[in-house]
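Q: Residues per chain are reported as follows:
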Amino acid sequence: MHESQGIRTEALTIGYDSDLIKEITFAVRGGEIVSVIGPNGCGKSTLLKTLAGHLKERGGFVYLDGKKRTSFDKKEIAKRLSMVMTERINPELMTCRDVVATGRYPYTGHLGILSESDQKVIEEALNSVDAQEIADRLFSNISDGQRQRIMLARAVAQEPDILILDEPTSYLDLKYRIELLTEIRKLTKEKGIAVLLSIHELEAAMRISDTVVAMNREGVQRIGSVEEVFTESFIRKLYGIEGMDVSILGSVPWKVGYIKKPCVNTTGKAKVIMVQGTMSNVGKSLLAAALCRIFTEDGYRTAPFKSQNMALNSYVTKDGLEMGRAQVMQAECCRREPAVEMNPILLKPVSDHRSQVIVNGRPVSNMNVKEYYAYKKDCIPVIIEAFGRLSETSEIIVVEGAGSPAELNLKDGDIVNMGLAALLSAPVILVGDIDRGGIFAQLIGTVDLLEVDERERIAGLVVNKFRGDEAFFAKGIEILESKTKKPVLGTIPYLSLLFEEEDSLSDRLGSHEKKPFQIAVVRLPHMANYTDFATFDQLEDVGVSYTDRAEDLMDSDLILLPGTKNTIEDLRWLKKTGLYNVILSEAKKEKLIIGICGGYQILGKWIRDPAHTECGGEEEGLGLLDMETVFGTEKIRTVFEGVVEDAEESLAALRGCRVKGYEIHMGNTRIAEGMRSFTSGGTGCCKGTVYGTYVHGFFDCKEIAAGVLRSAAAKSRKQIDTIGLTDYVEYKDKQYAKLAATVRAHLDMKKIYEMMGLPYDKNGTV
Amino acid sequence: MNQKRFILTMIGLCIALVFLAVLSLFSGSVPISVSELKEIMFGQVKEGMNVNILFQIRLPRLIGAMVTGSALALSGYLLQTFFHNPIAGPFVLGISSGAKLTVAFAMVFLLSKGWKIGSAGMVLAAFAGAMAVMLFVLLLSLKVRSMSILVVCGIMVGYICAAVTDLIVTFADDSNIVNLHNWSLGSLSGIGIPEVELMSVIVLGCFLFVLFLSKPIGALRLGEAYAASVGVNVRLLRVFLILASSLLAACVTAFVGPVSFVGIAVPHLVKGAIGTTSPWRMIPVCFLGGAAVTMLCDLIARTFFAPTEVSISSVTAVLLVPVVLWILLKKKKEGGGPYA
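If you read the sequences in order, they're chains A and B. Just so we're aligned, residue 1456 is where the first sequence starts under the working numbering, counting upward by one. Just so we're aligned, residue 5 is where the second sequence starts under the working numbering, counting upward by one.
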C-alpha cells in the first residue's frame, strides 16, 4: 500500500440546498483518527457525505491524496475512500460475505467477477473484524452489532486510504461498541488508513481521536486535540447545555478535573521568569515591569504575561480588546504594543460579589466567585494558547502571579500562581512587602506553606518597599536565607515613582497631602480607569486627591469625575452622601468640573438603564450638561483620535488641541441641541465651566493638561508653572527607565539571568 | 450450495418449459396425435390444416406466452430492484395500464382515420404510455418516501388509465370494439408470427442489456448510497433500469394487453428457489421462470373452460395473487423493511 496522504479540505462549504456551514478547513492524515462531534442535525453527516462525494461541495475543495477530488472519477475515488453510513441496509438473501464482496466493486471487471485476489481481500477483511464464523449467514439474520462489523469489513474490502464512518457506534450495545472501536483503531494503526468518524459518545471520542472537529449549527466551533476540545465549558456550549445538570450521566470524562493537565513545552522557545508576591500589592507589577525594562535594555525581546488579572481598570488594545493595565504598563516597559495575549483573562468587579469575566479581551459573562471557580479550569487552554503565541515573538517572558501562592483554600485548580508556574516550568521570584510589616512571616511563612514541588520552583526572594539603610537589614537577609534555604536576590527601596497601579487598594487613594494647587477626584465607589489623572502627578505643585469628603471638593481648584463601572449606583451614592449637592453648588460657583466617561454621564440630566445592563432603572443626573444617557447592551470599545472641537470660554485654550485616547463604555449619550460640543465626534460636550468627555486618557497630552491646569488656576487666582509637564507617554517612559535603574542597582541580576539559563552579559551592558 | 440450487433450478425450469411447450402444442379444440406432431415438426408433412394450426396458431401463441412471461418477470425484477420494494411490478405501478391507454388511443383514433398502425407502432405507443406513467411514478417517488404509498399511487394511476381507456372504448366505432375489448382483457389469442418475432427481438435484446448491468444492479442491493460509494453511476443506472423495464412492459402490453401479477410474483418465486439475489442468477432464472409460469397460465386459460377461453389475466390473478399475499405476510413477519 502506498503512503496515504489522507483527506483534507480547504475552505469547504457544505449544505444541501443552501450553504449550511462555510469555510471548513481540516485534514485527516494516514494512521490518524479524526472524530466529528456535535449536536444532532448540526451537519456532521452532511460534512461526511460531502467529503465522500455523495453531496457536491458548495464551495472550497476536498483533496484526496493531495489531489482535488474532482480530478478523480467515481471508481478511482471508490478505490481511495470508503464509507460506513448510518443508513441501515436491508439486502435480501445476501450472505455477509456477499455484502463484504460489494466492496470489491471498483476493482472487478465489467462483469463483476471476483478474481482470486479479490476473494483473498474479502477473507482478510472478514478476518480483520473477526467475522469469519458469520460469513455465510444471511445479513438479515445477524444482530446489529455484527452487521456494523460486516459493514466495516465491506469498507475495508474496498482497500481505501480513507475510511469515513458516520456514527458507527450508534445502536450498538456496550460490547459491540467496544469491539467496533477497537477494530477501527487497530485498522487505522495497522493499515495506515486515515479515519474520519462522527460520533456521539464523547468518552469514546476522547479515547480514540487524534484530532477532534467540534461543530454545531453555527458552524465548526473548534478543531484541535482532545485536550483542546474537551473542556467542560466548551462542550456545554457546543451542545447548548450550559448550566444544565449533567449528573444523570455520572462522571463524564469531559467534566472538569478528568483531563490530565497539559504542559507547555517551553524548551527552545522563550525563557520564562515568574514574579509572585506574598500578598496583594507587594509591588509585583512594578518589579515585573522593572524586569521587563531591564531585559529590554539588555537587548532581549521581552514580553509580560499575567494569566488572570482582577482590576477595575482595563485598557483597550488597538483591536478593541480589553486587558489589564498593569500588563500594558509592562508592555510599554518592553517597548512593544500591548496585546491581549499578555493578559488573556481579566476580571472586572461589577458588584461586591460579581465580576465581569473577560477572556482574550472579550467579555464572556458576569460570574460570582463560585461560578468563576468552576469556570477557570476551562481557561487553561486559553492561557496556554495565549502564552504560546506570546512565546513565538519573545525571547524572555516575565510572568506575574496574582495575590499569594499560599491561599490554601483556593489552590485546587490554580492557574495564576504555582499552577501556572508548573504549567510553564517557570522559576519563581517571591516578593514580600517590608513596608507593611511582617516580612519574615510573609516570606518564610509563604515558602513554608507551599508543597515540596512548589517550594522547589522558588528560585529567590525579594524584599520590596524597603525604607532606610539597607545595611541594617543584613541580619534580616541572613535569617531569611537560612530559614527558607533560598537566596535573597535583593532589597528594593520604596519607590517614590508614580505609576499606574492596577489594584483598587492602590496607595494613591490614601493621599491627603495638601499642595498649592489641588485637584479633587470624586472617589466613586465603583471608580474605574483612574489612570486618567496620573499625568498630573508630574508637577510638584499639583496635588491629586481621590476623595469622598465635601471639604476636599470645596477646597479644590478643579473637580474631576472619573469613570465608573456602575454609573447609576454611584450616582445614587453621590446623592446619599450629599456630594451631589456639593458638586452642584461648586458648579454654581463656576468651578471647573470635568467628567470622564461615567463621570461625564453623571453630569447629564438622566441616566436610564432599560436593558438592565448595570442595575436597571433610571436616575436623574446632576443636570449640569444638557444631555442624557441610555445604556444599551453593546459595549463601545474604540481607540479615539480627534480634537477638541469646541469649548466654552473657561477652557478656550483647549480649542483645536489634538486628543488621543480610547473609549470604553456601555451607554449612548444624546446631547441636546444647542449644547456646545467638546471632544470631536460627539464624544463630549460642555456648558459654562462644566465639561464632559467619553475619552479616557484625555489629559495625557501635555497641551491639554497644561491648558486645564492654567485655566483652573486662573479661576482660583493662582499661579501655576506647567513647564515641567510633558506628554504622559514620554513621562512614563522616563519613569520606566528610572525604575529599571533602581531595580537593577538593588537586585542580583546575574542570579536572575542564571535562573533563566541565559548568559549574564549578553551585550556587555551590565 | 447456491451454485447447486441455481443449476438445479435452471434445469428444472428448462424441463418444465419443454414439457409445457409440448403440452401446449397438443392442447386445443383440434386434437393432434403424437405421431402427427412428430411428422409436422420434423417436416415430413408440409401441407394440411394441422400444419397451419401448429405453425400459424399454436406455435406463435406458445412463443408469445413465453416471451410475455419473460418480459414481465424481468420487468418486475428490475422495478423491485429499482424501488427496493418487493411488490413493485409493471401492473401494480400502473405502467401496464398506461401502455394500454396509449395503445387503445392509438387503435381507436388512428384506425378511425384510416391509418393502419403496424406492430412497431403499437410498441411505440405502448412504450410512450409506459414511460409517461413511469415518469409520473418517479416524480411521486421523489415526494413520498414510503413505498406502500407509492404502490397505492401506482394502483390509482392504473385505475385512472383504465377509466380513460373505457371512455375511449365507449366512443369507439363498433368495428373496433370487439377487437379492443379482447385485447384490453389481455389475451394471447390471435397473436401472429410477425408480432412474436418483434416481441422476441425486443425482449431478448432487453435481456442481454440487463444481464450486462448485473454488476451495478448487484451493488444496488445495498442501497443507492452504498452503490454510489463503490463507484456506481447511480443516475445512469436508474435511467437504464427505467428504460428497460418500461420497454419490456410496453412490449407485452402492445401485443397481449395487460397481464397482471407475473411481474410481482415470479421474481419472488425464483428467488426462493435459488436462495440468492445475485443478478447474475436472478436475471436468467426470472427469464425462464416467467416464461414457464405464463405458459402454464395461458394453457389453463385456453383449455380449462374449453372451448370458451378466459382472459390470461384472470388465470394469473387466481394463481399468483396468493403468492403475492404470501410475500406480504412473510415480509410483515420479518418486520420493518423499506416499504413499512
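Honestly, I wouldn't trust all of these hints.
To be verified - Derived BS3-like pairs (lysine-lysine); straight-line CA-CA distance at most 25 Å:
hint: 1; chain 1: A; residue 1: Lys1825; chain 2: A; residue 2: Lys1773
hint: 2; chain 1: A; residue 1: Lys1832; chain 2: A; residue 2: Lys1692
hint: 3; chain 1: A; residue 1: Lys1773; chain 2: A; residue 2: Lys2189
hint: 4; chain 1: A; residue 1: Lys1511; chain 2: B; residue 2: Lys147
hint: 5; chain 1: A; residue 1: Lys2043; chain 2: A; residue 2: Lys2031
hint: 6; chain 1: A; residue 1: Lys2115; chain 2: A; residue 2: Lys2157
hint: 7; chain 1: A; residue 1: Lys1530; chain 2: A; residue 2: Lys1511
hint: 8; chain 1: A; residue 1: Lys1529; chain 2: B; residue 2: Lys219
hint: 9; chain 1: A; residue 1: Lys1534; chain 2: A; residue 2: Lys1575
hint: 10; chain 1: A; residue 1: Lys1534; chain 2: B; residue 2: Lys219
hint: 11; chain 1: A; residue 1: Lys2142; chain 2: A; residue 2: Lys2189
hint: 12; chain 1: A; residue 1: Lys1970; chain 2: A; residue 2: Lys2173
hint: 13; chain 1: B; residue 1: Lys8; chain 2: A; residue 2: Lys2142
hint: 14; chain 1: A; residue 1: Lys1530; chain 2: B; residue 2: Lys219
hint: 15; chain 1: A; residue 1: Lys1534; chain 2: A; residue 2: Lys1522
hint: 16; chain 1: A; residue 1: Lys1575; chain 2: B; residue 2: Lys147
hint: 17; chain 1: A; residue 1: Lys1692; chain 2: A; residue 2: Lys1522
hint: 18; chain 1: A; residue 1: Lys2189; chain 2: A; residue 2: Lys2170
It is worth saying that the hints were derived from the structure and are not from the lab. Keep in mind that this is a model prediction, so the values were computed, not measured.
Q: What are the numbers of the hints the structure violates, in ascending order?
A: 1, 11, 13, 16, 17, 18
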